[in-house]
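There are 2 protein chains.
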Amino acid sequence: MVNRSDIHYFGAGPAPLPTAVLENAAQVLLNYRDKGLGLCEISHRSPEANEILTNTKQALITLLDIPDDYDVLFLQSGGTGEFSATVYNLVSIWVEKQRAKIAAEVGDDEAEVLKRLRSVVDDELRLDYLVTGSWSLKASQEATRLVGAKHVNVALDARKSNDGKFGRIPAEDEWTLTPRARGGPAFVYFCDNETVDGVEFPAFPKSLEGDDAPLVCADMSSNFISRKVDVRKYAVIFGGAQKNIGSTGIAIVIMRKSLLPPTSKSASPDLLRALNLPVGPIVLDYPTISKNNSLYNTLPIFDVWVAGQVMDRLVNNYGAKKIGGQEEVSNEKARLIYETLDKYSDLYRVVPDKTARSRMNICFRVHGGDAEREKAFLAGAEKKGLLGLKGHRSVGGIRASNYNAVSLEGAKLLVSYLEEYAKAA
Amino acid sequence: MVNRSDIHYFGAGPAPLPTAVLENAAQVLLNYRDKGLGLCEISHRSPEANEILTNTKQALITLLDIPDDYDVLFLQSGGTGEFSATVYNLVSIWVEKQRAKIAAEVGDDEAEVLKRLRSVVDDELRLDYLVTGSWSLKASQEATRLVGAKHVNVALDARKSNDGKFGRIPAEDEWTLTPRARGGPAFVYFCDNETVDGVEFPAFPKSLEGDDAPLVCADMSSNFISRKVDVRKYAVIFGGAQKNIGSTGIAIVIMRKSLLPPTSKSASPDLLRALNLPVGPIVLDYPTISKNNSLYNTLPIFDVWVAGQVMDRLVNNYGAKKIGGQEEVSNEKARLIYETLDKYSDLYRVVPDKTARSRMNICFRVHGGDAEREKAFLAGAEKKGLLGLKGHRSVGGIRASNYNAVSLEGAKLLVSYLEEYAKAA
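Protein sequence lines, in the order shown, are assigned to chains A and B.
Here the UniProt record's numbering is used: position 322 in the first sequence is 322, and no number is missing along the way.
Here the UniProt record's numbering is used: position 332 in the second sequence is 332, and no number is missing along the way.
The set of hints was computed from the structure by calculation and includes no laboratory data.
Certain hints may be false.
Chain copies aren't distinguished; within one or between two, either way the pair holds.
Subject to a maximum C-alpha distance of 30 angstroms in a straight line, what follows is the list of computed DSS-like cross-link-like pairs (lysine-lysine) [said to hold, decoys possible]:
(1) K160 / K265
(2) K138 / K228
(3) K150 / K423
(4) K150 / K101
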């Protein structure tokens, strides 16, 4: 029998959860608030569920200093579902904006509006993707599936200047963003932290700032609530829950309210089809989810509760420092590990470039990537209770995922093992 | 403090779960198979997760006698998500079938193929919906959103012959199915049990049988594994998990394999857009989910495990009787309740017609629907620990949901209360 306290888990997600949260979960599964019913059984429309939703939302707002002009949505979804949702929603909003502009010029002549709109869509609809790793690549491929290749501008493919592999983020002047002068892209998409490739944006890209900045959409699935975020710079931030936030089953979306009704409207499904654009499922329709306080369809309240518990702990731990407190810990854990890897750089080779190293997913090779010796390295780690360190099959080697529930103690034990292994090697 | 054993819960979903399953869940949340990690933390690609998936699938196959030529898919989704998924997938398969037929006649001339295909889509693409309650209505509305009104044939609107309210299923000769002679509908959709309205199909519709039967797609969210099903009569059966199957977070899809690759192909996204048809998100693409053994994106393994535990209990309880054993119990519970309601028909009025009464959601009014007296009836029930009996806001009155986890004992206590209340009234 292995106890929870015997191990430290560095898996890339689903990720470890705080033991105290799981202990509470084990109780509320059977009986929530002494009502005789468990948390998976109560109605998502009950006052209890509503309170859970409100509290979880509030904890996130507190942690990330989310301004009033942003909405927080919970969806029965994950990161991959949101790849599609961002496209459906932001394209639909863009189309309606163009339609309204043309209608203001042309008036009631619907055929003329449609004709001009078709031409605007053809000429100007561009979704910009910064492809810095496996997940932004997948997101860009999904965008291509949904709207067609001609509308997707891969403004950066980081493999091109790196021997065909992900691992660095080229300077911004090498990116080929759709020029703002030309109406700009409908949105610019990036993945803030690439789980598979261990690449993280060190800061918000400068070229996406400014008064006429495009709408920015970021996937933060694997570094959500691990550092401060200037929410106002984003149109949409989303994350699947099962890494830093909670358990598999929900995605969280933070969205600028001005993109939602009544300020912005979405194009009608009939219009989208007429323009050869895709119509998304109602369960991924942000205006519908927003209008229904995330309860249009059955929301897994258990997963919302877990996320709320995780966030409440952070609020309690760091108080006025908010997420800045967790950022310090995350940075410190990552610093300790990278420092040790660099110290023995003959033995350990960090996969991504130093300028783009992820604080969350630390990818490295041992013995120049010798498969047998890496196996032995992993086996030695397991003996010490350091689990989940095997790299993603597409990158190989070792990956230490350093999410919020990995303790400083766990990171230090990994560092000790790295030291010990290096000295014996 | 109210204990689980103090109450009986008749909520419409999320529904009660067997206490023994939740007791096991509370343990595995913290430590699954003594590995030191809980079930929400292990990788969905681990051998443990794979075993859970395989076992849950096998239990369902055993219970429902699912033939070899059917696949079972698990999706991070719910019933409402599947309203959309069925449309995206079955329309795409239909389009590709028509395209292949035309291409066989026309040859390589792509423009000509597209031209003819456009005309076939215009003239012949029809999705037939049998609207017998709130959920099939919503499904038909989602189909209209996705493909446009002209392609959706509401072959039955059960309100029309029932004073504008749901509550009966008109005779099949009153349905206006798309004629088979004309190529037939792409599919016929119905909701086997209407949770809100308490209407259930007593048997598989005769007009959907025969050698040239159309593809039949059925929503069984609220009566899944509550009775025997002749799976071969369906192209697709789906259900959200949180009523009879398990916890909120997954949908289960049973699909005829001949509709999946290599036998059937889906139309390309480019072709669908060119035909003004919608392209669905990859997470709802049945061929992709099937090809990846339900692990294309992160599957909530905890919810799959809960479903597996629920099904294993049924397999163990009923052995060779399979789901027939649960069917007997479900029928008996429903019979006892309806019999009592009918016995005091001056006081209680069952909402739906006798011919279409749901065994799962028993909707009735008390005192002719007097709101105050119904409140008193509910308050009396609560005092006896009979909870979750309030009817859906759109129907009002009382709804006793009689899912698999409601015990015969619970049903009998409800019957006693009905008797007692009637005698005192």
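Tested hints:
Taking the shortest alpha-carbon separations for K160 and K265, neither the intra-copy value of 38 angstroms nor the inter-copy value of 34 angstroms comes in at or below 30 angstroms. Taking CA atoms no more than 30 angstroms apart as the test, K138 paired with K228 passes inside one copy only; the shortest distance there is 26 angstroms, against 41 angstroms between copies. Taking identical chains as interchangeable, the C-alpha atoms of K150 and K423 are never at most 30 angstroms apart, the minima being 54 angstroms within one chain and 73 angstroms between chains. Taking CA atoms no more than 30 angstroms apart as the test, K150 paired with K101 passes in both settings, with 23 angstroms inside one copy and 29 angstroms between copies.
Comparing the model with each earlier hint shows violations of hints 1, 3; every other hint is respected.
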